[in-house]
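S.K.: With the hints as a guide, bring both chains together as one complex.
Residue numbers (the numbering used here), protein chains in the order written: chain A, 8 to 191; chain B, 342 to 1062.
Since no wrong hints were added, every one of them can be taken at face value.
Calculated pairs, BS3-like style, for lysine-lysine (alpha carbon to alpha carbon, straight line, at most 25 Å):
| # | chain 1 | residue 1 | chain 2 | residue 2 |
| --- | --- | --- | --- | --- |
| 1 | A | Lys180 | A | Lys109 |
| 2 | B | Lys671 | A | Lys82 |
| 3 | B | Lys731 | B | Lys1009 |
| 4 | B | Lys973 | A | Lys53 |
| 5 | B | Lys971 | A | Lys81 |
Just so you know, these hints were derived from the structure itself, not from any lab.
Since this is a predicted model, take the numbers as computed values, not measurements.
Spelled out, the chains give:
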Amino acid sequence: MASDTSTNVTTPTADAPNLLDAFPDKRQALEEYLDSLPLARAAGRKKGFLIQSLHRAQAIFGYLPEEVQVLVAKKLELHLSEVYGVISFYSFFTDKPVGKHKINVCTGTACFVRGADIILQEFARQLKISEGETSEDGMFSLGGLRCVGACSLAPVVMVNEDVEGNVEPPMVKKIIRRCMQEGE
Amino acid sequence: MNNTFTQIHTVKFQQPLHADVETNHNPAFEVRFEADGEIPVPQVVIWLGSGEEQHVVQGEQIRKGINNTYVATVPANLIPIGDHMLQVQGCRKLDLATAIEPDWVKTSKPLNIDTPSLTTQQLLARRFGKGPVRPTEAKPIPAMVRVTVNGQQVVVEPETTILEVTRQLGIRIPTLCHFKLDSFNVEHRMGSCRVCVVEVEDRHNLLPACCTPVVDGMKIKTNSLRAINARRTMLDLILSDHPKECLTCEANQSCELQNLAHEFGLHKVLYEGEQSTYAIDLANEAIVRNLDKCIMCRRCETACNEIQTVGILSGVRRGFEAVVAPTGEKSLADTKCVFCGQCVAACPVGALSANNRTYDVWTALNNPRKKVIVQTAPAVRAAFHEAFDKPAGSCSTGKLVSALRNLGFDHVFDTDFAADLTIMEEATEFIARLNKNENLPILTSCCPGWVKFFEHQFPELMYMPSTAKSPQQMFGAIAKSYYANKIGVNPEDLVVVSVMPCLAKKYEASRSEFAPGGIRDVDIVISTRELASMCKEAGIMYDSLPESDFDNPLGESSGAGVIFAASGGVLEAALRSASEWLTGETLANVDFEAVRGLSGIREATVTIGDTQVKAAVASGLGNARRLLEKIKAGDASYHAIEIMACPGGCINGGGQPFIHGDTRILEKRRAAIYAEDAHKPIRKSHENEYIKKLYEEFLGEPGSEKAHQLLHTHFQKRDNL
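Next comes chain B alone, as it looks inside the complex (with noise of 0.2 Å):
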């Protein structure tokens, strides 16, 4: 054989090219080669699929022409669809062409045309994959990868997703039940709906965006017809088995389902029978799951059992009866759901929601019996304007007030007061457990989603958490004592309504603890959405809001009670009181930085006096789980640790304006909550006068036995089924 090279082209036969007995007709394609001088044996080899069958051409099949030229005349009978080899012995230059049906044969770049060395096994597993084994070196850096999206070349990381290209490129494709949380590094991608299909250049079904990673020279097309098409018809066929209830449904205007209906112009039901019916469950104060709306994105299992670890949800059943339910397929009440509301925060529609109470409010403002004070969380501030369209990054306390005073609230208070409170009596309870080097390390407990947590899964280190109650409920209990006694009105006569950024501090205020002689400390709890809403349907127009300023005595706050808000705010609050106290100087600086961000698990020394405080600060309850079987396991001490229940605390609680997955949102409520702080006249909670107004007339000291009885709390063992 001369020393020409091998050459190797893949072929993709779009027909069967069968042979026709009875007119004669035997298909075939022709393959055109020239080679360097005479080949003694031409040979044309055609490696069938993925390469283990073989088909030779070669004697009579192949002519010579004239310059060294061949012809072989290749039977095509035998070759099935699909993609192929062709091997052409000693060739240099190679023509395919389709003799008898052009449409029959299509071919792609040649593989080896500068590798002349490569022998043909080398070729062979380049192509397929195969070949001789090689010992095994360092794991060499994967090379990136060159794809081509909608005609516009670009370079990625391997394993990137089709989706994330896209992302990049600021091409969008719809999605629905593809979540991800980057500030939390979560990715839910079931590629369940399979609306995010694109169309991939030889491949021949439609790819699902968000979970196929791209290979090198992947051609990618987003905008196909075919693509778009099937995406529509996924809808469709989700459509069928969702109710078309939208104008009375909880998620109207939010459902993530709905608003593609809307861009894919869906104005017709295409696809109608049996739906699925099931009871909704509203057994408990905070969630109802009204399972009817269920699309089976599965986002609510991946909130609650790999970021929360709760546990709680999963997929039951199968085909048409296949629904997300607890173990058991029982109510949410009977399960040890902690109502933090991450699965509400999930759903794309309406399957999971708040359980309304804002009926409740107006009820309890229309009833002139009745004295209505109303208290506002430290988050709700970051994120009540969102709902109004507001972009994320400030606080709107002052509209905020003169909404809730439009509302007709007797009175507009503030839970940041309580929350200095709490930071009054949690403070001097940890430097007591300090001093005595016992009952280490002090836990947070204004999280009534944290709290519920414990009592079920860690029942043994039930000794750690602070016993002070949250600032919700200290500020229930101080209403309907001291407030209810200074301005002369009977408990009874007196509602206490809450906003809350929270869905957890629904069920937190129905806990029987906290209805002393029968009577709740909070009546009412509605969710910053639920605020929003009722806003909405009084017509108060946000932007003609005046500002204005909380009611005393109960509405007076310092900065250490606006951080609450954030992870690490009430650890940084409680190190603001606890270091001067133990110091008995001022703080030089009031900002502990270190305990500080959205992380889900950070941790701090922070120097006081000649004492080295160890602190931990973590939010979303699977961090917080992490951090516990670390301290169980002895692989950690710590002298004070804060815990939320919500991923990056209350700004992101499972009742605030829905994020959609964006966490830069979050990153600005944030923001907004530390120069809220910032700007604040006081920053330690042990300065506020009103405060220390409340010692001096009802209280007597931090600690003392009146406010035990009415500022600290008990906690109970739970079920960990």
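Chain A extracted, bound-state conformation (with noise of 0.2 Å):
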């Protein structure tokens, strides 16, 4: 029989970097927005503020690791899990860091009808990443979403906050290489 399995007794952590104590500008940028809220009129209500804190957050750190997370829940005295429970229900909320660049293929219907799963396949192929993961350099993730409201344009991929229409398998390379060049 196993002793004692239970691993969270405190001790100090030299694995993960805490981002938080890392990016101390970034932490105070994040407190003070969260200390900005009306919370003291909220009673009871504060659980209302939390989309707009994970936005912000996001906006700053760029993904919601977990310290973040216990910051946001301290804040808004909410259970941690409530606040994973919404973050892994919004697509655009993310726990895991994101790449540099952002490669979102849609695979709403008119895309999908018109070989989005084929562009997806390919930008996996080439950045040798699965849909939902990071390259390991950290320049590019590779997601899906649902329509963008583009469907002329179909398949349709939001390079960032580009838009892309009308995409075929060749020019998935050209992207890549544009985005490779711009991060220079």
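M.R.: Rendered as structure tokens:
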């Protein structure tokens, strides 16, 4: 029989870098934002500020690691699990680091019919990552998303904030190359 | 206009009325009305839908008949399906007739027959809830609400749910996600499973009974074919993503989904397709999560987050991938879960279950080289028999002992003995702190769920809990030292099995500080439910079991040990001994009624000699948190506090036979425990002869060095994520 299986005794951790400690300015920005919320007047309804707080936190840090979730949960007096529940529900939020360039292939009906799955596969093949993953060098994240309202241009790929329409497999390489050049 | 009044009718249009140009068919219906005298400009107004649009019929469309009767022909091509209101100026008697297609129009009762003085605006306000804003008055006492259920009229409080009304009437509506604990004022009404839908007259959709409050005049039908078919479809859909392995499921025969499938006579799996699959989480000693079986009722979330405020579980992800999981979808072992097992007690299916150790017990019992002894916790005797379909309300102590002996345990002992020992140490510690007036209040620490809770969530108060081990661990420590030595058995060859009402006890026994030299003080912990299943497996017939007594020396106990099972019991037991030690006098009445009960937090002031001892009792970790926050904020101060993780104490432990939300069972278990205490010849721990002997022969005196070494423990700060 295993003895004490619980591994959560407090010990100084050296493994994963804590984003809040690594970027005190970002931490301060998030704390200032959370302190600016009219929480005192919203006693019992603090939950209502959760989504906007997560939006701001993700804008500041790029993603929502556990330490950031803990900070938000403490300020809004929520259980950490509730915060995680919301993050995992909305595809916009992510608790994993995202790449410098975000490639999102629309897999809505129109794009799908026009071969979005092939485009997605092509990106996955060339970037050597699967949907929902980030490349090891931190340059690219690949994801799927639902309709962006540009069905006439199907299949559509969102490259960071831009819409790329009528994408065909040969264009994938060009898109990746363009992003790399921008990065330089 | 004559001095007649306006009449308003609600009219329900059941079909669209369209003019058909090709056939020159222009449907219409007639409104016949009668006035007191001649109406100069007769007019019929139809208020559409919510009253924003109106359609006026006048002039040629209204014909005058004899004796001041009028017939208005309402061209219907502009009027959509739905509820509309018909207002006829100056009419006394209204007769609606459908001139062409009788099925099109249905009328309901007029609103204003007996209130001629109301203005049209007021009538509109009545119908649509609009109108001139009245000055705010003191909130009136809400009027009672009249509803009809299956033709039966009943008057109920406003805001009562349909489910509650039907339960009052003795009508059963099946439920699955709904969960209500009356004694603790907890109701989980997500309305997510839709198994409780009912039909309500004039409502287009079926409504979930568990979360729909009744309104005046509601006509409810609970058993219409439409409702029953919808429930059946919901069950079919739930089953489509639920494993059909009932035969080998932990929840077999106690599963609420299985019961419903049986009640609905579902004999075929209608929808087959992809099923969600997850890795089984069995990385901890206490609780197994098998989320393939999760039906997303989210009852466990209410148990964990609202009742216990531990905050581990939450619905994560969405759609087909949605599931209940801890943050980051970690294993429970890596969270601040306290393993109280209230989520297991709340789970209607087998998604959450106890980490079953019966096989280990069988193995030990059949190992000829091992001496196997067993201890049974106080609360087990109050519920064990329920697993054999016996009613709650008595203790099955004698039969429980026989059953354990039949299973083959070498000696059958009682955790109540160790509970008396806990009191010896804890009351001594309490008196020492009270005399020095330091480190007060003393908090009880026999509940491992509560211990882990404060280690995570209140590390700054870690000086408060008594350092005395729990009865389970004291029993183990004494068994592997004093008793092993006494019977001449090597501690490594002595197997200590615990039968507990609790899942956290499984975790407690696995804590490293309770395995000195790598030998665990308590080797195997099984729950009351697991013991019952072993008995059934062994063919033990409950009814034919004789009554028998525990073995000695670790089987004798006082009534004080028995009441550890109920919330308030540990404190009462400690007060019985502490007050006699402090005053040197015999207590006239050992019953401290003020600390007894199922309510979440109780306070009492007890006079001991010339000291007023302020005591508090909390059960349920949410209540414990509220009490501790008050102490931290300086809003309350006490000398002694008892805390139990499960609401009501160990009688409601996560390892007990399921109560399926019926808290009356807990009241009965509680009564049984106090009755057992009252019938004990010895009611105070320090009067237990075998306890006295243990100190004389082995430990010295309470609080001695040896007692500290064997019977006391320490706590450690843990992450609060």
